[in-house]
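A.B. asks: Protein sequence lines, in the order shown, are assigned to chains D and F.
When we follow the UniProt record's numbering, the leftmost residue of the first sequence carries the number 1, and every step to the right adds one.
When we follow the UniProt record's numbering, the leftmost residue of the second sequence carries the number 1, and every step to the right adds one.
Incorrect hints may appear among the rest.
Said to hold, decoys possible - Far from chain D, by Cβ distances over 12 Å, these chain F residues were calculated:
| id | residue |
| --- | --- |
| 1 | 10 |
| 2 | 22 |
| 3 | 80 |
| 4 | 91 |
| 5 | 120 |
| 6 | 130 |
| 7 | 133 |
| 8 | 137 |
| 9 | 146 |
| 10 | 147 |
| 11 | 148 |
| 12 | 187 |
Claimed, not checked - In silico EDC-like pairs for lysine to aspartate or glutamate, Cα to Cα no more than 20 Å straight-line:
| id | chain 1 | residue 1 | chain 2 | residue 2 |
| --- | --- | --- | --- | --- |
| 13 | F | 199 | D | 210 |
| 14 | D | 199 | D | 210 |
| 15 | F | 199 | D | 169 |
| 16 | D | 199 | F | 129 |
| 17 | D | 199 | F | 173 |
| 18 | F | 199 | F | 210 |
Stated by the list, open to error - Distance ranges between label pairs, derived from CB positions:
| id | chain 1 | residue 1 | chain 2 | residue 2 | range |
| --- | --- | --- | --- | --- | --- |
| 19 | F | 119 | D | 58 | 48 to 56 Å |
| 20 | F | 79 | D | 141 | 31 to 39 Å |
| 21 | F | 91 | D | 132 | 35 to 43 Å |
| 22 | D | 1 | F | 203 | 20 to 28 Å |
| 23 | D | 170 | F | 212 | 20 to 28 Å |
| 24 | D | 80 | F | 96 | 44 to 52 Å |
| 25 | F | 173 | D | 189 | 15 to 23 Å |
| 26 | D | 203 | F | 55 | 33 to 41 Å |
| 27 | D | 201 | F | 79 | 33 to 41 Å |
In case anyone wonders, no lab produced these hints; they're calculated from the structure.
Model, not experiment: these values are computed from the prediction.
A virtual CB, placed ideally from N, CA and C, is assigned to each residue, including glycine.
There are 2 protein chains.
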Amino acid sequence: MTLVAIPLFPRFTALDAVGPYEVLQRIPSIDVVFVGSRRDEMRTENGMLGLACDATFDDVDAPDVVVVPGGIGTRELIRDDGGGAIGGWLRSVHPTTAFTTSVCTGALLLAAAGLLDGLTATTHWRAAEVLNDLGARYVPTRVVEHLPQRIITAAGVSSGIDMALRLVELLVDRQAAQAAQLLIEYDPQPPFDAGALAKAGEATLARANEYLQARP
Amino acid sequence: MTLVAIPLFPRFTALDAVGPYEVLQRIPSIDVVFVGSRRDEMRTENGMLGLACDATFDDVDAPDVVVVPGGIGTRELIRDDGGGAIGGWLRSVHPTTAFTTSVCTGALLLAAAGLLDGLTATTHWRAAEVLNDLGARYVPTRVVEHLPQRIITAAGVSSGIDMALRLVELLVDRQAAQAAQLLIEYDPQPPFDAGALAKAGEATLARANEYLQARP
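The shape of chain D in the complex, shown without the other chains (with noise of 0.2 Å):
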């Protein structure tokens, strides 16, 4: 079996987890498990939304696959010199991982822990900045990988759900992912093309910032 850990945080973004999850978890030789500081419930930014945390960092020391969420609870994060404990957990277990992975803000995480140095990274669109001081290179590309260094970052929330397809590819072959694909029905076929900074209009984005005042 391939075990997948997702490791969650304080004010995490649920469909950076989830999006992933969906997907890894179609695949029976798969198994993915949600590890935390405690075996608890974690809370969205909002606190509209637990997940529960059924294993500890401690537990999990020999991950196959780490899928780090962001969310805005990073920036507290990663004000701890080399991301506090999830940062410590990320530097132990990246050594034996076939992949360590990130999606949207996620990336601050495996920065903050000195894993993305001097590397091209994806991350948020609003979080470009934040992810090239520390350390690393933000090209605005959907995913990118890095199979020699076996990571892979993803850009803001839904993007998730795009590596994670290639991420079966990469640990199955393309006909389990093809078949994931089928088996959540990712044809994506959305009403507006605003998804990208270099797509959404000016209005689009100034409403997208409004909106990011009262939910950050």
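Let chain D serve as the given structure and place chain F on it in line with the hints.
C.D. replies: Okay, now just chain F, sitting in the frame of chain D:
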């Protein structure tokens, strides 16, 4: 405030619920609450993920919007005439909602509750016949809207994200929906094109069916 209720039940599919949640909670005028038969943790199909139910059906008797997720657990619920406790709740709250919606096999629960009688509707591709047997008329469309009846159904799993963007447009305005799309960086770039039954080849379908035996 607009209150969105997402009912959970044992063996639900996480992304069905969390995709729409992630879009809707970006809007400061929208609150989301996860409801269930009891205030407790609810587990997904495979038991690998638990989500917190913060309110009971009795607590939330007049939500503005309902989003019903699917999952293999629906098959047990529809064996009860009328869809059991969740079916009773759906019948009781629907008359005063702005929109009653479903993702994936959540449509089976709307149908079992009698809300889809004679209407076209969509669901996960593998549940089309079950949906028809419950009185709806399956169409292989990603999102099916009946605005006079205030009913919207979405196809399998990931389609709830597309539906939620449209819901935001209906509830607030198009600019709000585009801002939500930008905030979740929903600029999908799946690495393959196998996300719909009409697009997946026979080998992909065979692999998907094989996986469904192990992880239903």
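A.B. asks: Any hints from earlier that this structure breaks? Give me their numbers in increasing order, please.
C.D. replies: Result: hints 2, 12, 13, 16, 20, 21 and 27 break, sorted rising.
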